[in-house]
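Engineer: Starting from the given sequences, assemble the full structure and let the hints guide the process.
Residue numbers (the working numbering), protein chains in the order written: chain A, 1 to 160; chain B, 1001 to 1168.
In short, the hints are calculated from the structure, not lab data.
Here a beta-carbon is modelled for each residue, glycine too, at the ideal position from N, C-alpha and C.
Treat the hints with caution; some may be incorrect.
So, partial list: chain B residues that the calculated Cβ filter (under 8 Å) puts toward chain A [claimed, not checked]: (1) Pro1043; (2) Gly1048; (3) Leu1080; (4) Gly1095; (5) Leu1097; (6) Leu1111; (7) Leu1112; (8) Ala1117.
FRET-style restraints, in silico, Cβ to Cβ [said to hold, decoys possible]: (9) A:Gly81 - B:Gln1099: 21 to 29 Å; (10) A:Leu35 - B:Thr1018: 18 to 26 Å; (11) B:Ala1008 - A:Ala39: 31 to 39 Å; (12) B:Ala1057 - A:Ala39: 32 to 40 Å; (13) A:Arg65 - B:Met1013: 20 to 28 Å.
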Amino acid sequence: MRTQKSLALLVGIAFGFVLGWSQATEYDTIHAMHLLKDAYVFLLMGSAMVTAALGLFLLRRAKARALSGDAISFERPRPRGAHVAGAAVFGIGWALAGTCPGPAAAQIGRGELAGLFTVAGLFAGIALRGWAQARSAKPIEAPAGPCGAPSEPAHAQGVS
Amino acid sequence: MARRLRSANIAVMELFATRCPWYVAGPLIGLLIVAFYAVANRPLGVLGGYVDAEAFARAPGGGASWRVWMLGGIVVGGLLSALAAGRFAPGFACGSLDQALRGSLLAKAALLGGAGALMGYGARWAGGCTSGHGLCGNATLSPASFAATLTFLATAVAVANLLARVIA
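Structural biologist: Written out as structure tokens, the structure reads:
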């Protein structure tokens, strides 16, 4: 468990560094992407996806195991209304903030302190959605997805 | 010796102050995603870090999850990237958004706070954000992530272009 936390910290540090180095933390980088004036972020995200897809394919073909000893596996949920409706709300915020949850955290580290406002908003939105889900008369299940539900303990989550 | 060290230092700063080419940054992030599956067998989804941090703030008893540690790492990584570039100068500047808001800090706080709330609410609703759905979910060929990614990209492009037209 402690190893997992330290390694997660290291991966986070590397991720934050690359986000800062690629200037994905800057409002104008993301704004230019949304205005379709600069293909940079599309190319960055696209090449990250292709690399990850290839790497995961090779790992699985080699029958590699994760640190826990389990076979490497992932969920492939079918699209539901929540995925589309939630993503539409997210997209509005993304366009307005010119940043998203990962780069907003990196902004704070970089001293781009406007990120504090964005992150405060993120926490408020997350709390509000959690409250809405808990309050709903018929309990809403968190949608299947990468970050559907709080994860503690990580290994107990339904990973198919 | 000292001079050579100084010029090496300047070369490093120049390297990190120049925007990393996409064909370096993208594959690096891709490898991090693969590494994270090898470590945690989970997607490198940043939203989950916030969700867990919010839960941790309510009930600190259980300790912070690994996803919170990852989120903390991103903050540290950002700091290191600014230091490496020799550009750590804390402030509230926000590029061309400052001109659009005529430099009002209050307007910026309101806009970014509201936008952050939309992102937090929407991403939790959708079960992931740009990293969880947009990078990892697509890399694992998840149909839900394809749908979410197409939706938030299309929405963001539409909103940004609409606003640019209204303001201009």
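Engineer: Please go over all the hints and tell whether each is borne out by the structure.
Structural biologist: Comparing the hints with the structure gives:
1. At its closest, the beta carbon of proline 1043 of chain B sits 4 Å from a beta carbon of chain A; the interface hint therefore holds under the 8 Å criterion.
2. The criterion of a C-beta within 8 Å of any C-beta in chain A is met by glycine 1048 of chain B, whose closest approach is roughly 4 Å, and the hint holds.
3. Interface restraint check: leucine 1080 of chain B against chain A, minimum CB-CB distance 5 Å, threshold 8 Å, status holds.
4. A cut of 8 Å between beta carbons decides the hint on glycine 1095 of chain B: the least distance to chain A is about 4 Å, and the hint holds.
5. The criterion of a C-beta within 8 Å of any C-beta in chain A is met by leucine 1097 of chain B, whose closest approach is roughly 5 Å, and the hint holds.
6. Nearest Cβ of chain A to the Cβ of leucine 1111 of chain B: about 6 Å, under the 8 Å cut. The hint holds.
7. Contact between leucine 1112 of chain B and chain A, as hinted, is supported at the beta carbon level, the nearest pair being about 4 Å apart and thus within 8 Å.
8. For alanine 1117 of chain B, the interface hint holds, since its Cβ comes within 8 Å of a Cβ in chain A; the closest pair sits about 4 Å apart.
9. A beta carbon spacing of about 38 Å between glycine 81 of chain A and glutamine 1099 of chain B contradicts the range 21 to 29 Å that was offered as a hint.
10. Between leucine 35 of chain A and threonine 1018 of chain B the beta carbon distance is about 23 Å. The supplied range of 18 to 26 Å therefore holds.
11. Between alanine 1008 of chain B and alanine 39 of chain A, the C-beta spacing of about 33 Å keeps the proposed range 31 to 39 Å intact.
12. About 39 Å separates the C-beta atoms of alanine 1057 of chain B and alanine 39 of chain A, a value consistent with the hinted range of 32 to 40 Å.
13. Take arginine 65 of chain A and methionine 1013 of chain B: their Cβ atoms lie about 41 Å apart, and the range 20 to 28 Å is violated.
Checked against the numbered hints given earlier, the structure breaks hints 9 and 13 and satisfies all the rest.
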